[in-house]
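Spelled out, the chains give:
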Amino acid sequence: MTYPPILQTPGGEGPQIWDPHTLPVNDNVNPYCFSVNLNGAYYLQKGKMIAYYGEMRFSGIGRGVLDRVLEQNFNSPLHASDWVVAEGRGTLLLADRAYDLNSYDLEDGNLTVRSGNLLAFEPTLRLKQSIIPGFLTLIGTGKFVAASNGPVHFVEPPVRVDPQALVGWADCPAPCHHYDHSYLHGVLGGIRHLTGIGGASGEEHQFEFIGAGQVLMQSSETVLAEKSVGVVGEQSAVPHQQPTQAAPGLGNLRDLGRQFGL
Amino acid sequence: MAFTLINHKMVSAQVFPGRRILSQRGAMLGYTGEVTFRPNLMGGQGGVMSMIGRRVANEDTPLMTVEGHGTVMFGHGGHHVHVIDLAGDTLYVEADRLLAFEDSLQQSTMFMGQQGGLMGVVRGQVTGQGLFTTQLSGKGAVAVMAHGGVVELPISPGLPVHVDPQAYVAHRGQVTNKLSSALGWRDMIGRGSGEAFQLELSGHGMVYVQASEVKL
Chain P
1 MTYPPILQTP GGEGPQIWDP HTLPVNDNVN PYCFSVNLNG AYYLQKGKMI AYYGEMRFSG
61 IGRGVLDRVL EQNFNSPLHA SDWVVAEGRG TLLLADRAYD LNSYDLEDGN LTVRSGNLLA
121 FEPTLRLKQS IIPGFLTLIG TGKFVAASNG PVHFVEPPVR VDPQALVGWA DCPAPCHHYD
181 HSYLHGVLGG IRHLTGIGGA SGEEHQFEFI GAGQVLMQSS ETVLAEKSVG VVGEQSAVPH
241 QQPTQAAPGL GNLRDLGRQF GL
Chain L
1 MAFTLINHKM VSAQVFPGRR ILSQRGAMLG YTGEVTFRPN LMGGQGGVMS MIGRRVANED
61 TPLMTVEGHG TVMFGHGGHH VHVIDLAGDT LYVEADRLLA FEDSLQQSTM FMGQQGGLMG
121 VVRGQVTGQG LFTTQLSGKG AVAVMAHGGV VELPISPGLP VHVDPQAYVA HRGQVTNKLS
181 SALGWRDMIG RGSGEAFQLE LSGHGMVYVQ ASEVKL
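As they're listed, the protein sequences go chains P and L.
Counting along the first sequence from 1, when you hit position 217 you're at 217 in the working numbering, and nothing is skipped either side.
Counting along the second sequence from 1, when you hit position 166 you're at 166 in the working numbering, and nothing is skipped either side.
FYI, nobody ran anything at the bench for these hints, they're computed from the structure.
Fair warning: this is a prediction, and the values are worked out from it, not measured in the lab.
Computed beta-carbon distance windows for the label pairs:
#1 L:Arg20 / P:His21: 53 to 59 angstroms
#2 L:Pro157 / P:Ile50: 46 to 52 angstroms
#3 L:Ala87 / P:Glu156: 30 to 36 angstroms
#4 L:Pro17 / P:Pro173: 29 to 35 angstroms
#5 L:Lys139 / P:Lys46: 49 to 55 angstroms
#6 P:Gly134 / L:Ala87: 42 to 48 angstroms
#7 P:Gln214 / L:Ser137: 38 to 44 angstroms
#8 L:Gly203 / P:Pro151: 35 to 41 angstroms
#9 P:His178 / L:Arg19: 22 to 28 angstroms
#10 L:Pro157 / P:Thr22: 46 to 52 angstroms
#11 P:Glu156 / L:Glu152: 29 to 35 angstroms
All residues carry an ideal CB built from backbone N, CA and C; glycine is no exception.
Excised from the complex, chain P in its bound form (with noise of 0.2 angstroms):
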């Protein structure tokens, strides 16, 4: 008796070598893995450089020889603590728990991100802390890689996302909260309101995005773990908002220690 093989797709085309000069230049090594060519200085987040050739330096913002330079790019101090400046030559590997990468090239644009989905940018970009808690804008003209759990879907606007599918947004308004709450109708939405029997559909609540631009969602609900941005202080017209964590070791100075770097 013969037994039919097994018939699939075939996988890959196996493992593959790289050296210096044929690893791709500032694109993807495969999917879960990114080339950069350094040539002077990157921002990256902490942990993500997985391998580097040539030579270079990494130092924390705050303490570098270019910080001088480097700072007025860099317009978000609450953030200070989780990046890193990769300055020198050479070509530097990038990953982030096996999730999807993918560079970015914005031309005098704008794109917002999840904090803890971006990886690195180029110094010409211009990072801010968006007004959406959690998120991070890039302005300007360059180059950035952001990671996301599976690959990124774009969608165009009018849409609704689930916030913890959304990987951030370019060109478009900011969004706004969407909350749906004609499940809570009626006597038998009374009666779950008051006890909670029955459930809600856990889809109550997302962000819309309205206007023109592009809208990019990453398959997942799980998220990359969030980095705090900090908070901003009770103002009028802030919405209130709940106490980041102590940053640990640092003891009640919170955010103190983000401020400077630590």
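Assemble the complex: chain P is given as a structure, and chain L must be docked to it using the hints.
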């Protein structure tokens, strides 16, 4: 076909009056149009008795009804998604693995003992599936989740397939399955091969296997 694969971890589905979709709660990623999500009190179809059956059988994954007019995207937990089109036959799948399915499908709970008697029960225990599994039958599409990609293994009479119980995802068609064990003295002293239990599926149909031994 109700579901369109966007990429290996996301599907989109059109809903309109006349086509509703049942989906696991919290599995919606985004939508366009006017779509509502209602928690499904029964945890599925078939009235109160079915609900009780599912509760008892521990196959009551929280579901929600998606209806309205628009396009909805689904995905969950970063798991791979596999779309299976049913044309009148039956799919046996664990309820946890159901991402979404068309309302036109009949959902019911099956006792493992029905497929293979006592050994079916043992199989359920060994594979971690429990004593019951969910069956979907009729015409429509199902999106199931798997850790790693899904491999489709066709089986026909005389050509059974042996599957690692942890990698088993679902099967369809006229399939009988039995647990074959190769326990020996080596396993007793902790020098086993790690493949002591295998699921043997034979008959006529399709077996879905994931590229991972992680259960959802």
